[in-house]
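With chain A's structure known, arrange chain B on it following the hints.
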Amino acid sequence: RKEVEQDPGPFNVPEGATVAFNCTYSNSASQSFFWYRQDCRKEPKLLMSVYSSGNEDGRFTAQLNRASQYISLLIRDSKLSDSATYLCVVNPYNFNKFYFGSGTKLNVKP
Amino acid sequence: SQTIHQWPATLVQPVGSPLSLECTVEGTSNPNLYWYRQAAGRGLQLLFYSVGIGQISSEVPQNLSASRPQDRQFILSSKKLLLSDSGFYLCAWSDVRGLNEQFFGPGTRLTVL
Numbered sequence: 042r043k044e045v046e047q048d049p050g051p052f053n054v055p056e057g058a059t060v061a062f063n064c065t066y067s068n069s070a071s072q073s074f075f076w077y078r079q080d081c082r083k084e085p086k087l088l089m090s091v092y093s094s095g096n097e098d099g100r101f102t103a104q105l106n107r108a109s110q111y112i113s114l115l116i117r118d119s120k121l122s123d124s125a126t127y128l129c130v131v132n133p134y135n136f137n138k139f140y141f142g143s144g145t146k147l148n149v150k151p
Numbered sequence: 004s005q006t007i008h009q010w011p012a013t014l015v016q017p018v019g020s021p022l023s024l025e026c027t028v029e030g031t032s033n034p035n036l037y038w039y040r041q042a043a044g045r046g047l048q049l050l051f052y053s054v055g056i057g058q059i060s061s062e063v064p065q066n067l068s069a070s071r072p073q074d075r076q077f078i079l080s081s082k083k084l085l086l087s088d089s090g091f092y093l094c095a096w097s098d099v100r101g102l103n104e105q106f107f108g109p110g111t112r113l114t115v116l
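For the protein sequence lines, the chains are A and B, in the order given.
Each residue of the first sequence is one higher than the one before, starting from 42 at the first, in the numbering used here.
Each residue of the second sequence is one higher than the one before, starting from 4 at the first, in the numbering used here.
Calculated directly from the structure, the hints in this document are not laboratory data.
Because the structure is a prediction, the values reported are computed rather than measured.
Among the hints, erroneous ones may be present.
Listed below are several chain B residues computed to face chain A (Cβ distance under 8 Å; list not exhaustive) [said to hold, decoys possible]:
#1 Asn103
#2 Gln105
#3 Phe107
Note that the Cβ used here is the ideal one computed from N, Cα and C, for glycine as well.
Just chain A, with the same shape it has in the complex (with noise of 0.2 Å):
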């Protein structure tokens, strides 16, 4: 079983749409997450760490659910530019390591 699973989309939303992602991990201990961005080509950046008390960043929001081992990002009000790769990453039991997921692909049409 992978660490980190991620339906990889593609997602297509139109401009101004609400669209949201899943991502489960499977070791229990985890201990960080976070959600990247990557888009085409591009190395990945940080776009927010989730908390246990979720976390909102304008039109994004990230949730965590230990109990199902899940984190969610929410995108509200969707523009062309959120088009791109998000990636879920789990830093579980040590620090040293980080599991990424394979990614989810938005597309963002006018």
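The following block gives chain B in isolation, referenced to the frame of chain A:
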């Protein structure tokens, strides 16, 4: 502020040739350093990580090696490249003293012909 540099940005090498990719971090001390590879259309594969000078952990047995000769320098090498070594190589750093997010360099796109 911290910055991370990688070079070269792109590289085309023949099969069997050697490889040396360099990564340096500025603005922090004693970072954890990482090498990842991303094949076209695929996820990130952790190759090596280092928690200090001379300390290298290998995640995937292959014809690649890594070294950390200085605190903020991480080098990825190969003596003989294979076709399957083609990909996007990303260096990253993290600070276990903070929130421990990872930050990536701009990457090196390697094509082995």
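- Message: Of all the hints numbered above, which does this structure not satisfy? Sort the numbers upward.
- Response: Those not satisfied: there are none.
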